[in-house]
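My request is simple: use the sequences and hints to build the entire structure.
Read off the chains here:
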Amino acid sequence: MKVLYSFITVIVLIIVASIGASIANLHYVFGIIIPYLAFIMFVGGFIYRVVKWGRSPVPFRIPTTIGQQKSLPWIKQNKIENPSSAFGVIVRMAMEVLLFRSLFRNTKTELREGQNGPELSYGSAKWLWLGSLFFHWSFLIIIVRHLRFFMDPVPFLVQAFESVDGILQIGLPAIYLTDVFILIAVTFLFCRRLVVPQVRYISLPADFFPLFMIMSIAGTGILMRYFFKVDLVAVKELAIGLATFQPVLPTDIGPMFFIHIFLVSILFAYFPMSKLMHMGGIFMSPTRNMMNNSRMVRHINPWNYDVEVHTYEHYEDEFRDKMKKAGLPVEKE
Amino acid sequence: MYKGGKIIASLIIFAALFTIPFFYNMGKVNAGPDVALDTPAIQQLSDKQCVESPEFMRANHMKLLNQWREEAVRNGQTVYINSQGKEYPISLQDTCLKCHANGSASKVALSNPASSTTGVSNPAINESPEFCASCHDYSAVKPKCWSCHFEPKEAAK
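Chains as they are written, first to last, in full-length UniProt numbering: chain A, 1 to 333; chain B, 1 to 157.
Please keep in mind that the hints were generated in silico from the structure rather than gathered at the bench.
Beta carbons: idealized from backbone N, C-alpha and C, even for Gly.
There may be inaccurate statements among the hints.
Listed next, the in silico BS3-like pairs over lysine-lysine satisfying Cα-Cα at most 27 Å (straight line) [as the list claims (entries may be wrong)]: (1) B:6 <-> A:79; (2) B:63 <-> B:144; (3) B:6 <-> A:52; (4) A:229 <-> B:6; (5) B:48 <-> B:63.
Just so you have them, the derived chain A footprint on chain B, three or more residues with Cβ under 8 Å [to be verified]: (6) 6-17; (7) 26-32; (8) 62-72.
Some chain A residues well away from chain B (every beta-carbon gap over 10 Å; in silico) [said to hold, decoys possible]: (9) 66; (10) 133; (11) 165; (12) 167; (13) 190; (14) 331.
Here is the structure:
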């Protein structure tokens, strides 16, 4: 049901885009206005979310560690997994962001039939890590490749990415490796949510929707590149027009292009209010981005109240006469 | 904000990364490619029509070339019948480049495209005839044609 809900939403979006593509008067909206709005919502929303997160207090060090903390000199510290220096933190964050270190440590838990009834067993589970790695890196390379539409002349780096991506030179236009990888990876990530009962149980429409969106975006992109060809030069003129704030609307771009750009716009606009914000969030994970120096530095909670203290001396000053009358012992006469 | 400096610096980097195209293209005019469609060969044509419609050619020429290669090299078929039923010889040199080449110097410039220096700014693509290069340069697509179809340097001398 949750799957169907997301699926129908994406189908509706595709239908909306198809209608937009078939009515020439709407091309200005779908090709220029919506992409601009989406871009503003993406950058603005992203900054808003990160600033909002940044305002939440993180008074103490709460790193999660899988290594020996810095301790006595003869005990070997794990400088990266339990960093006590900024450099260690940077290396740990880089491993997290670029190689998904935490996900690599993913385990699965199973009840197995043992000799004396069921036994709990743990095993490594690397498929999710591998699928995510392929998915995210493909996505990044695809985005960098798309810069060839937005930059004139096309920088060498973008061309280099492209030629490496199309290194197999199969067919014409040549197949991009990332196109294949992202489709396989996103299908794997989707099937995982359907097939594994525990993951299925916790999956929400907000989990399926981005998957369907990315599938459709990759799908329309691939269709547009290999099957229902569009006029690329016209596409680039439109893109450069957007980037130079002199929007032009070339005629005769294929309808597939409008579906593609509409879905991309919706994904970008939706980005800041969705789970996709893990792109910014990963940098702000307090358990990852702090050095574990609680035993070396005293961290004082910056918003601690000044507690009004009523010490015994004050108490005695206040009640000394009464205490004397009642015959209670006092420290000061 | 806690660690505000670092967060704001990171956000500036984020915004800068995503606005690269705006800064990169700042002040440039969206000119688009300058496609030479008035070569002498085309001017002499009575019916100025490519093997298929311009819309089709713009989007699908690479598929057509691929199909032609397969027909000519693998199936021995040397005649292409277009959607209007008109016949064309399947040949890069005698069909495509007959029109899409620049004048008298064309033969030399084409068969040894490396000697063509006009109108090509992209070093990765400067081996193609000007007509191909104008769009291919613009969208950074390197045609693979000229890695096989070239005249040896000795012959050009």
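Here is what the structure says about each hint:
no., hint, verdict
1, B:6 <-> A:79, "holds (22 Å)"
2, B:63 <-> B:144, "holds (13 Å)"
3, B:6 <-> A:52, "holds (14 Å)"
4, A:229 <-> B:6, "violated (45 Å)"
5, B:48 <-> B:63, "holds (22 Å)"
6, 6-17, "holds (count 5)"
7, 26-32, "holds (count 5)"
8, 62-72, "holds (count 4)"
9, 66, "holds (24 Å)"
10, 133, "holds (21 Å)"
11, 165, "holds (12 Å)"
12, 167, "holds (12 Å)"
13, 190, "holds (27 Å)"
14, 331, "holds (44 Å)"
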